[in-house]
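From first to last, the protein sequence lines are chains A and B. First residue of the first sequence? That's 3 in the working numbering, and the numbers climb one at a time after it. First residue of the second sequence? That's 2 in the working numbering, and the numbers climb one at a time after it.
Treat the hints as calculated values from the structure; they're not laboratory data. Source: prediction; values computed, not measured. The beta carbon of each residue, even a glycine, is placed where N, CA and C say it ideally should be. Where hints are given, some of them may not hold.
[Claimed, not checked] Label-pair restraints from in silico Cβ distances:
1. B:43 x A:65: 22 to 32 Å
2. B:74 x A:15: 25 to 35 Å
3. B:99 x A:43: 42 to 52 Å
4. A:32 x B:58: 17 to 27 Å
5. A:105 x B:33: 16 to 26 Å
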Amino acid sequence: DAKTTQPNSMESNEEEPVHLPCNHSTISGTDYIHWYRQLPSQGPEYVIHGLTSNVNNRMASLAIAEDRKSSTLILHRATLRDAAVYYCILRDRTSYDKVIFGPGTSLSVIP
Amino acid sequence: GAVVSQHPSRVICKSGTSVKIECRSLDFQATTMFWYRQFPKQSLMLMATSNEGSKATYEQGVEKDKFLINHASLTLSTLTVTSAHPEDSSFYICSARDPVGAEKLFFGSGTQLSVL
């Protein structure tokens with residue numbers, strides 16, 4: 003899988019938007035961009051994914067750069083329950099390959 | 002979404018004993034499951050890929066005789082930590098692919114193993 007880079011940590015105030023960046027300059031044309039998050043002492047959970055166009059769901063929005071070399075996960079109103087480690091991962095849509103996790107971004111939400 | 006159930010959520014065992022962790026896909030069939038381990042403040046580390054009806058594929062550096070994986074059915078994969086030692090204490094997590102497509106992964110809630 004192509005590599006992604008994310009900031010180690012970020013902070014946000016409660017009820018404010020959060021923009022979590024991810025760089026993936028070596029992304030290939032068949033890679034989906036996936037985001038997962040892991041709350042303390044739990045397994046990761048799926049957040050959102052996209053290929054080229056921006057995506058929205060009930061949890062978040064995903065903004066993908068035109069050249070696809072970077073993306074941003076947007077939490078529109080951070081809550082205390084959004085405090086977690088957020089992982090940006092590339093998944094090849096042509097193969098069912100294993101998923102390798104990077105260090106992710108640890109998001110702290112300040113009340 | 003699909004549900005992956007993992008049991009037990011926490012286990013404490015004595016050094017030298019074996020521990021089995023179960024991972025079940027509750028409402029879908031999973032031909033492939035993944036097993037991860039996670040140390041405190043670190044990311045998930047892939048241990049092995051479990052394939053239904055065939056041998057698991059282990060990542061480099063993971064001892065297959067120590068971490069036995071069995072995927073005997075389309076809804077159950079097990080990880081057995083044999084002759085556990087304190088250094089095996091870790092958070093173990095399983096996952097399965099979304100059967101519908103789009104490459105989503107669903108994860109179990111994890112098993113915290115403590116070896117005394």
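To see whether the hints hold, each was checked on the structure:
1. Range check, residue 43 of chain B to residue 65 of chain A: about 28 Å between beta-carbon atoms, so the 22 to 32 Å window is met.
2. Between residue 74 of chain B and residue 15 of chain A the beta carbons are some 48 Å apart, a value that contradicts the proposed interval 25 to 35 Å.
3. For residue 99 of chain B and residue 43 of chain A, the Cβ-Cβ distance of about 24 Å falls outside the hinted range of 42 to 52 Å, so the restraint is violated.
4. In this structure, residue 32 of chain A and residue 58 of chain B meet the distance hint of 17 to 27 Å, their C-beta atoms being roughly 22 Å apart.
5. Evaluation of the 16 to 26 Å hint for residue 105 of chain A and residue 33 of chain B yields a pass: the beta carbon distance comes to about 25 Å.
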